[in-house]
Amino acid sequence: MSEPILSCRGLTKRFPGVVALDGVDFFARPGEVHALMGENGAGKSTLIKALTGVHPRDAGEAVLAGKSIHPRSPREAEAAGISTVYQEVNLIPDLSVAENICLGRQETTLGFIRWGAIRERASAALARLGVAVDVDKTLSDCSIAIQQLVAIARATDISARVLILDEPTSSLDDSEVEELFTVVRRLRDEGWAIIFVSHFLDQVYALADRITVLRNGKLVGEFLAAELPRLQLVAHMMGRSINEVEALQHREPPARPAGEPLVSVRGFGRRASVRPLDLEVRRGEVLGLAGLLGSGRTEVARLLFGLDRADSGEMHVEGKPAAMRSPQASLRARFALTPEDRKSQAILPNLTVRENLIIALQARRGIWRKIPRQEQDRLVSQFTRALGIKTSSPEQLIRNLSGGNQQKVILARWLATEPRLLLLDEPTRGIDVGAQADIERLLAKLRDEGLAIIFICADTAELARNSQRIAVMRDRAKVAELTGADLNEQAIMRAIAHGDASHPSS
Amino acid sequence: MKKLRLSPQTIPMVASVAVLIVLYVGGCLAFDNFGSLRVLINLFGDNAFLGVAAIGITFVILSGGIDLSVGAVVALTSILIAGLIGHGLHPLAAIAVSLAFGAAFGALMGTLIQVFELPPFLVTLGGMFLARGLGFVVHPESLSIDHPFYGDFVSQTLSLPVTRKLSIPFTAVCLVAVVIGATMLARWSRFGRNVRAIGSSEASARLMGVPIARTKILVYTLAGALSALGGVVATFYMQSGNPASFVGLELDAIAAAVIGGTLLRGGVGFIPGTLVGVLILGVIQTLIIFQGTLNSWWTRIAVGGLLFVFILLQQLITRRKK
Chain A
1 MSEPILSCRG
11 LTKRFPGVVA
21 LDGVDFFARP
31 GEVHALMGEN
41 GAGKSTLIKA
51 LTGVHPRDAG
61 EAVLAGKSIH
71 PRSPREAEAA
81 GISTVYQEVN
91 LIPDLSVAEN
101 ICLGRQETTL
111 GFIRWGAIRE
121 RASAALARLG
131 VAVDVDKTLS
141 DCSIAIQQLV
151 AIARATDISA
161 RVLILDEPTS
171 SLDDSEVEEL
181 FTVVRRLRDE
191 GWAIIFVSHF
201 LDQVYALADR
211 ITVLRNGKLV
221 GEFLAAELPR
231 LQLVAHMMGR
241 SINEVEALQH
251 REPPARPAGE
261 PLVSVRGFGR
271 RASVRPLDLE
281 VRRGEVLGLA
291 GLLGSGRTEV
301 ARLLFGLDRA
311 DSGEMHVEGK
321 PAAMRSPQAS
331 LRARFALTPE
341 DRKSQAILPN
351 LTVRENLIIA
361 LQARRGIWRK
371 IPRQEQDRLV
381 SQFTRALGIK
391 TSSPEQLIRN
401 LSGGNQQKVI
411 LARWLATEPR
421 LLLLDEPTRG
431 IDVGAQADIE
441 RLLAKLRDEG
451 LAIIFICADT
461 AELARNSQRI
471 AVMRDRAKVA
481 ELTGADLNEQ
491 AIMRAIAHGD
501 ASHPSS
Chain B
1 MKKLRLSPQT
11 IPMVASVAVL
21 IVLYVGGCLA
31 FDNFGSLRVL
41 INLFGDNAFL
51 GVAAIGITFV
61 ILSGGIDLSV
71 GAVVALTSIL
81 IAGLIGHGLH
91 PLAAIAVSLA
101 FGAAFGALMG
111 TLIQVFELPP
121 FLVTLGGMFL
131 ARGLGFVVHP
141 ESLSIDHPFY
151 GDFVSQTLSL
161 PVTRKLSIPF
171 TAVCLVAVVI
181 GATMLARWSR
191 FGRNVRAIGS
201 SEASARLMGV
211 PIARTKILVY
221 TLAGALSALG
231 GVVATFYMQS
241 GNPASFVGLE
251 LDAIAAAVIG
261 GTLLRGGVGF
271 IPGTLVGVLI
281 LGVIQTLIIF
291 QGTLNSWWTR
301 IAVGGLLFVF
311 ILLQQLITRR
321 KK
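Taken in sequence, the protein lines are chains A and B.
Residue 500 in the numbering used here sits at position 500 of the first sequence, with consecutive numbering throughout.
Residue 212 in the numbering used here sits at position 212 of the second sequence, with consecutive numbering throughout.
Don't read these hints as lab results, they were simulated from the structure.
Where is the CB? At the ideal position from N, CA and C, for every residue including glycine.
If you only want the chain B side, here are some residues facing chain A, beta carbon under 8 Å, derived:
#1 Gln9
#2 Trp188
#3 Arg190
#4 Arg193
#5 Ser201
#6 Gly209
Looking at chain B on its own, in the form it has when it is part of the complex (with noise of 0.2 Å):
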């Protein structure tokens, strides 16, 4: 058996967990109905497409790299798919049009960043920029999906069930399944061992042998195709497309993984970790409401302060280590 212990890399994700349960319980305790299951649930599916989004950014930061990209892309999807089924395809097709697409548009600029060794930051800023204009061009405004598939299957038929009242909406259930994807990716493939490699040391990891070029090229592509998924999500959400939303996503995105426990600098991160921020950026968001008199920007006020108190704490662990 293996004695449990708090190594410095688990103490930033304890310290989430942590802050997740006080939060959530302060809630349960200050608001009647905080606790009920329809409010637990609602958390999940209402930022199913910001925890999509953000397991993408993660593995990019844990090689190393970050992504800005990332709101861009889910609006572009999103207008995309609300587009093509208003053209008349079908919704599975310009799903699969769009994953396809997101995937792309990360492999295109992964490519740049790794053959041309230009830094990810401006790369992944120009594909904002990109990606946020090609929005526009597809369609230049809110555009609402009205096919059977959506109002439907989507909404009804791929819901759980958990009592007569109550489901699970299916924007939830893909959250949690791609959370559990892709911890089995980080931890379990050659794949994410050889990204966290990277991350830590890439001069290291080239002379043990680890292919840089690919890896890191497929970990763009991997992040493009997650934020596409993220936009695939929030057209299931939304039941509509919107080239002008979801603007600093990607900001939220890279908050939830750092809460989480993620580095910035790379090489030391978790998925669930990432999922554990995004579940905290919700829980402020729904503390707000539940409160009522408060502004909505407020949740950025508290997120500005969890965030320094996170990168206070990695720092502080580093340091102790040093």
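Isolated chain A, as found in the complex (with noise of 0.2 Å):
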């Protein structure tokens, strides 16, 4: 085992009310990938930014290559000898390739740019890492995972030891992910020492030599990635028992409720978005909807929301004709949708948690008549409460909590609505294991208590243990619906390579 080119001893970053970072230890060695895991608030990216300067660490040591550094800029960092490569590209969209590489380097004579310096010096970080690019074309016309590996060869043109790669997979599909980690591996190779952040256990096992688990802001522990189970590396995230976790990834999801459909439709479509379709839910029941991006999940909960209208066939709501024209209309039939992306589209960034929580009741309750605020902080509290929406005060802007948080608080909004018929695309996505487990254990209770529930969710495994039956879309069609013992990620995958459960050969 080689020896750590940065050890961090008992880092301590305090924010007012909340100690992030408490005593932790941390060591990066060369020619290694050393994966930070942990929930939201668990303090790994305070502790990023304490190594980044962003967030300049209150007590600890940190120690690079036996110097002690004390970056107070990502600028002083980077020239310490830490680089990094953030989730969403920090690169200039507008700029080319080479100049993203090269900007503020040592590029110019006499104030004049050297172009041919650039594209030379640009092209060989780029060939360093075995990647292709033309230096030359505009970023922002480079696909999100060229412009990471071009965030990555900035990040490594220069003499520094320790690249930070801050959850660099989330926005790339799987041979994306590949390419990138290709390049991980091959800088990993040459002596890099590599810190990984990713929600990704798949992920973090495909690429890691070592883990260290944090929580609530202290150091759980470092292991061995060979060495630690995924179970075990879960359940130490959580701060629960191995049983426990096994408990909650094993549920059976109960039996379909009889009665009739809440709501039904026949024949619902819009041209260029959703093929005509047949679906229904009924009360106490979650409707899975499986199928790949683009397959048209998002636009069938859309078209019943009302957000787009839909231009053939008919809505039933409890037997009776109904037609969501509006999400006004929706409102009044008290359905919810809670988007696919929660950044542009729920959360409202400067308003505070109580202001997005309350602010779709008050919409249904039209203008005129204002929820008092004895009544808005009674709901706060109570949803806090009762989701586990952890916030230092309801005033607190929501942008500033974790994406997990923010989610919470997306579906207290709906769910002071009291709706009858929750639309849920993608609410676990991007956020940690322990809320999306407090969100899997919501959704099975707000099933119990008689909602109507549909669940979209790319996560096969997620979508087969939290459904009652499943409809699979392919194509902007529906392609399947799978009950009972079809309720598996086998079949869901067979309907969607396919478009039938039971016939895989067909």
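These two chains come separately, so use the hints to put the complex back together.
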């Protein structure tokens, strides 16, 4: 085992009201990928930010290659030898690939840009990673995966020794992730110490040599990846025993409830969006919607909620003909939709948790009947407790909350309207295991209370364990409906691939 | 050899060059003398002050900001020069004072925008009122410049003779020089690249070590100086200064920049494109003069229509990329 190039001991960072990082030790070794794991709020981002100088530490020491470092900005961290590639690509979309790699680095003579030198340097940096890209291309014309690789090329084009990858894979597809990993392994073999932050367990096990787990700002432990079983890792992250975790993962959904459907649609569709389909969902039932990205899952939810208008077919609510012509009509019918893109379509980032939570209820009451402040506070405290929302105060701005807590506030926003039908589009995307488990538990509880739920999820295992029926979408059409024994990953995948769960040969 | 290819960023520029050629050739076919060298030269000379000011505003737009004070600063500079010369100052000294004033005025607005994080729209709107009002304080009405420097030197000596009867006015020379200098600045200087980086993504630019404050203040300083230079060129052109002139010039300048392929959101744009935009406005104006019966306000209608077409084109390109 090689000596650590970066050794941190007793790192501590306090924010008003919380100790975000409490005496954490962390080591990065050359030629190793070291994964940093933990739920949201565990202290991962704070640790990264302390290392990169975004939030300088309050106590503890960081020693890089024998020298104590105190970065006060990402620039200083980079100069000291720690480069970072962030989750959202932090490059300049309108500049060329070459300019992005060389921006701010000795590329001028007497103030004039040496274009030739820039192109050469950028090409060389990309070639070292084994990536072939036209360096004159404008960055925004490249795919996200290529942009991510350009960010890595920039980060490794200086004589740094430590590379931090902060959730670099969250917007990549499988083959792009593999391409990224090839590059990361190459850098590891060249002797870089790589710190890898990710929510995806598969990716962590595919890439990491070592795993450090944080929980509530404290160090849980440092493990060799090969010696840490997955279940044990999840248990460490959640602070629960393995048995509890296992119980959570093997929950049997109850049988489909009897009764008339709450909502049913026949021949329901919209040109160029969703081909006519039949669907129904009963009270006390979770209907899963499966399918690949772009298969029409989200479009179905938008049609049902009236965000897009259906141009064929009919809809019945409790047996009576109904038409959702607008979100306002859906609100009156007590439908609720939590959209897929939390950041841009759900949260109102500059409003407080309280304001975000009551806004749908207020919208249903109309602008003239303001919800009294006392009632607002009661609702907020009720839902904060019921959903386990972690926020320093109801008056905290929602953008300061972690992704999982934001999602819970959005759920609370709609639950406050006492919906009959809940449309959840990827409610667990980009949030940590703990919050995910909370949301899955909540799903089951709401179902048992008699809500009709339509649950859209890309993770087939998650879909299978939470749904009583699953409608499978492919190429904007419903191709299968799975029940009973077919509620498993294999059947879903078969249906996505072949359009039919029971006959894999067809 | 690099392959010639149309990237989404260059399509608007190519489109505006095509529009310019179509309008110009159309004019040549429709009217006798439209294609004469004199008309072409005047196209540059008559629109020089607009062109110079539009180059300044292009840098501001590239950085993601806006400058509404341009027209007022041009007018203020013109009356300031006329007033100073009237008080006996040598024209060169008066020009130097005006340029320094324009730069300082821009720097002040840039500092307000940067240090107090104020919206550029409002700060430069305030600057616009301030400069417009100050012009009337300097002198309440049009003031002609009677100085041999203006009468003989600039109009005669500095113009480039082409034929015995025809010469290129110094204002056109100024415009071309500014376009060349600004193009170099935008493409080959660190400053120009930093401006584009900030306009494209200020947060990323900061993380990548671009000096944000310095660059942004410099951009408004440059725009102020170029507005003042526009005022200087305007005095060459009109041989007078007028505090009430050039109302709305900044909007023509913004239109020229946008038609020339600069995106109002910042980050993407071309200095030569702005010249093309200015020339398109000029050609439309000349066409309407040659036509003779149309009201001169038809220029505005044509520019309005053209603007709609170009922003639509830019939107379509951006959308197709998504």
